[in-house]
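There are 2 protein chains.
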Amino acid sequence: LPPSVGSLYMNIFSHCRPMATQKLLVPPPAALLQPLLVPDRLMLGPGPSNVPPRILAAGGRQLIGHIHEEMFQIMDEIKVGIQYAFQTQNALTLAISGTGHCAMEAALLNTVEPGDAVLVAVNGIWGERAVDVSQRLGADIHQLVKPAGEYFTLKEIEEGLAQHMPSLLFITHGESSTGVVQPLDGLGDLCHRFNCLLLVDAVASLGGTPILMDQQGIDILYTGSQKVLNAPPGTAPISFSERMFPHISRGGLVKFGGVGGERIYSPISLLFSPRATIALPTGLENSWKLHKENSIYLCEGLQRLGFTLFVKEPEARLPTVNAAWVPSGYDWKEITTFILNTHGIEISGGLGPSAGKVLRIGLMGYNSTKFNIDRVLHALQDALQHCHKSKM
Amino acid sequence: LPPSVGSLYMNIFSHCRPMATQKLLVPPPAALLQPLLVPDRLMLGPGPSNVPPRILAAGGRQLIGHIHEEMFQIMDEIKVGIQYAFQTQNALTLAISGTGHCAMEAALLNTVEPGDAVLVAVNGIWGERAVDVSQRLGADIHQLVKPAGEYFTLKEIEEGLAQHMPSLLFITHGESSTGVVQPLDGLGDLCHRFNCLLLVDAVASLGGTPILMDQQGIDILYTGSQKVLNAPPGTAPISFSERMFPHISRGGLVKFGGVGGERIYSPISLLFSPRATIALPTGLENSWKLHKENSIYLCEGLQRLGFTLFVKEPEARLPTVNAAWVPSGYDWKEITTFILNTHGIEISGGLGPSAGKVLRIGLMGYNSTKFNIDRVLHALQDALQHCHKSKM
Chain A
1 LPPSVGSLYM
11 NIFSHCRPMA
21 TQKLLVPPPA
31 ALLQPLLVPD
41 RLMLGPGPSN
51 VPPRILAAGG
61 RQLIGHIHEE
71 MFQIMDEIKV
81 GIQYAFQTQN
91 ALTLAISGTG
101 HCAMEAALLN
111 TVEPGDAVLV
121 AVNGIWGERA
131 VDVSQRLGAD
141 IHQLVKPAGE
151 YFTLKEIEEG
161 LAQHMPSLLF
171 ITHGESSTGV
181 VQPLDGLGDL
191 CHRFNCLLLV
201 DAVASLGGTP
211 ILMDQQGIDI
221 LYTGSQKVLN
231 APPGTAPISF
241 SERMFPHISR
251 GGLVKFGGVG
261 GERIYSPISL
271 LFSPRATIAL
281 PTGLENSWKL
291 HKENSIYLCE
301 GLQRLGFTLF
311 VKEPEARLPT
321 VNAAWVPSGY
331 DWKEITTFIL
341 NTHGIEISGG
351 LGPSAGKVLR
361 IGLMGYNSTK
371 FNIDRVLHAL
381 QDALQHCHKS
391 KM
Chain B
1 LPPSVGSLYM
11 NIFSHCRPMA
21 TQKLLVPPPA
31 ALLQPLLVPD
41 RLMLGPGPSN
51 VPPRILAAGG
61 RQLIGHIHEE
71 MFQIMDEIKV
81 GIQYAFQTQN
91 ALTLAISGTG
101 HCAMEAALLN
111 TVEPGDAVLV
121 AVNGIWGERA
131 VDVSQRLGAD
141 IHQLVKPAGE
151 YFTLKEIEEG
161 LAQHMPSLLF
171 ITHGESSTGV
181 VQPLDGLGDL
191 CHRFNCLLLV
201 DAVASLGGTP
211 ILMDQQGIDI
221 LYTGSQKVLN
231 APPGTAPISF
241 SERMFPHISR
251 GGLVKFGGVG
261 GERIYSPISL
271 LFSPRATIAL
281 PTGLENSWKL
291 HKENSIYLCE
301 GLQRLGFTLF
311 VKEPEARLPT
321 VNAAWVPSGY
331 DWKEITTFIL
341 NTHGIEISGG
351 LGPSAGKVLR
361 IGLMGYNSTK
371 FNIDRVLHAL
381 QDALQHCHKS
391 KM
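Chains as they are written, first to last, in UniProt numbering: chain A, 1 to 392; chain B, 1 to 392.
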């Protein structure tokens with residue numbers, strides 16, 4: 001056994017004595033004497049998008065208490081806003097405190113128990129991530145795999161369901177790593193005929209291309225705040241159908257401030273921005289129409305510059321994240337760095353299966369304008385002239 | 001087997017057709033046409049505290065990308081700021097994306113495996129919560145219990161360690177439910193002699209009363225952004241000693257954006273505020289001195305009004321959260337509601353073991369001023385005159 005510590009008792013309140021007795025061994029950091037450096041950028045990557053002044057102002061309001069009546073009202077308002085944006089009447093609809101990735105974890109953690117058969121549709125990074133998270137949860141995982149840039153047909157999904165008989169299907173609506181949109185009509189009915197729940201990731205797509213949670217029979221749907229909704233990252237709208245209720249009650253660490261739990265410890269002012277944007281300022285139909293039109297305008301411009309679009313079928317292109325092949329002989333990183341440094345515009349390279357192959361240009365909400373598209377097309381033209389082109 | 005779904009294939013791109021084919025069944029919510037309601041309040045509860053204009057302005061800056069160079073620099077700056085505020089040189093020091101409660105879960109999730117013996121010091125709500133979270137993680141839990149308003153002596157802790165031989169001790173530095181501060185000098189050495197890690201919750205205390213992570217031998221320490229640091233809630237500074245490393249590698253869902261993982265999916269602008277406040281504008285020593293002096297000033301004022309302080313020993317009173325018994329015959333809720341509605345000041349009732357018994361007045365960072373204390377003392381005096389007093 002260790003020695004007695006009696007001799008220390010005399011010193012027990014040394015921390016309340018005059019300051020001379022506390023020696024600070026770590027000095028104040030000089031770096032923090034410099035002002036915060038936040039350059040202005042046009043954010044045309046796959047998210048986050050820019051935040052319009054009205055929403056920045058909402059998020060910059062003074063705090064109130066997390067259990068003040070006004071805070072519960074704001075949470076109620078966000079809930080009805082999500083119900084509209086998701087087109088659902090689900091009672092269990094809320095913004096969780098975390099990024100879209102956190103919503104993916106919350107969705108899987110509350111649905112998957114060790115040994116559950118889970119079918120994951122993998123045609124890009126988000127399916128891969130869902131496999132990873134489900135694996136950590138001990139699921140019996142089956143993958144339905146398609147090449148990057150393609151989507152799944154109902155027939156392919158039906159075969160996967162029939163073969164593996166999963167209790168859950170995970171599928172991505174807007175696969176932002178490749179710029180493909182997954183058709184969802186009929187998918188809920190199909191899954192339910194196989195007694196399988198349907199979990200859809202709509203982080204990159206919601207508000208930019210149609211999704212109708214109840215009509216399409218989706219059981220769990222989530223998105224992020226920092227894409228089409230143009231709020232800062234850190235909140236994630238999520239909704240669960242009644243079919244999910246038996247599963248949620250089995251869930252893990254969700255009691256405090258989480259899904260299905262008490263309303264405590266909300267991030268307060270971080271919810272002011274979603275409150276200002278969740279119902280989409282233009283309304284859903286106008287927002288879908290705007291994103292589609294602007295995506296076509298961008299894709300036409302890219303093709304005029306000689307780019308080849310990554311997703312072949314025009315109707316399968318995600319309007320919010322537009323992917324084009326890196327032109328032959330160019331280095332993607334040199335192009336994105338040139339555009340960032342010379343034009344103050346963020347565009348992105350590939351991710352996961354598209355890494356090194358594509359450039360991705362995001363047009364989300366407030367950022368989806370013809371003016372911004374002209375700017376980024378001009379910047380790309382400039383990049384193709386100035387960046388190094390290797391010998392072919 | 002379910003019927004074939006072949007007939008649905010024709011309709012697979014209906015969601016890209018003209019808008020007339022999508023019928024929205026959930027109308028835009030009328031509530032969201034009203035402006036956001038956020039009243040101005042002086043937040044003198046146990047947190048969140050008010051956010052000063054300089055920090056609000058930092059948090060209201062436009063977004064940059066989560067993997068932009070400037071964002072990594074901001075995260076580096078926050079890290080050295082936390083190292084100063086915690087007085088540690090631990091390399092694994094970061095702000096996680098979540099409230100202080102999320103930090104508690106992250107700390108336990110990365111430390112506790114099923115069957116591990118965990119000793120939890122319970123003298124208020126935070127020990128109770130740690131028991132709850134550890135139970136969900138499958139720990140073999142032992143509780144060291146003291147009455148609300150008291151702290152643990154080294155002798156008591158030594159006996160608990162000797163009896164249960166835990167691999168982890170959880171203890172709360174500033175028990176905000178009762179307003180007591182836990183002495184920490186000598187505790188790390190004591191735990192390590194028993195081959196036990198020391199996990200300290202400093203959510204309500206950090207920056208307001210001395211804590212010296214390395215000198216006091218603390219292995220895991222965390223706080224929240226919305227207390228003395230005066231930032232919005234949603235980020236939680238946390239640090240792990242090298243003794244923790246073997247445990248972290250066993251951890252669960254921490255790969256993405258979490259502890260010890262890659263730097264992805266940070267909440268971007270939510271980190272601008274901690275960057276502006278983490279090194280404490282006045283410096284640590286001045287901040288400790290200020291909180292102590294102002295707490296004494298408040299306590300004297302409360303006693304002049306006839307209040308009895310909940311923590312008997314003056315040196316054991318937490319300067320950031322000051323608890324006093326609800327005066328005999330009064331209803332706590334009537335008092336706090338009167339002060340909120342009539343004076344625009346939030347003070348709080350009890351929580352957990354102090355629920356219904358006490359009033360709690362928080363003086364945190366920017367809010368810890370004699371001017372604010374005079375305001376709340378005046379409001380309390382007014383409440384004692386106007387609130388209903390039952391027959392004794």
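Watch out, some of these pointers could steer you wrong.
[Stated by the list, open to error] Interface residues of chain B toward chain A, partial, derived using beta-carbon atoms under 8 angstroms:
#1 26
#2 39
#3 42
#4 43
#5 56
#6 64
#7 89
#8 214
#9 267
#10 276
#11 330
#12 378
Think of the hints as simulated: they come from the structure by calculation, not from any bench. Beta carbons are placed, not taken as given, at the ideal position from N, Cα and C, and that holds for glycine.
Comparing the hints with the structure gives:
1. 26: holds, 5 angstroms
2. 39: holds, 6 angstroms
3. 42: Interface hint status for residue 42 of chain B: violated (10 angstroms vs cutoff 8 angstroms).
4. 43: Status holds, d = 6 angstroms.
5. 56: For residue 56 of chain B, the interface hint holds, since the closest Cβ of chain A sits about 5 angstroms away, which is under 8 angstroms.
6. 64: It holds, given that the least Cβ distance between residue 64 of chain B and chain A is near 6 angstroms, below 8 angstroms.
7. 89: It holds, given that the least Cβ distance between residue 89 of chain B and chain A is near 6 angstroms, below 8 angstroms.
8. 214: It holds, given that the least Cβ distance between residue 214 of chain B and chain A is near 7 angstroms, below 8 angstroms.
9. 267: Status holds, d = 4 angstroms.
10. 276: holds, 6 angstroms
11. 330: Violated, because the Cβ-Cβ distance from residue 330 of chain B to chain A comes to roughly 21 angstroms (cut-off 8 angstroms).
12. 378: Hint violated; residue 378 of chain B Cβ to chain A Cβ min 20 angstroms, cut 8 angstroms.
The structure is inconsistent with the numbered hints 3, 11, 12, although it conforms to all the rest.
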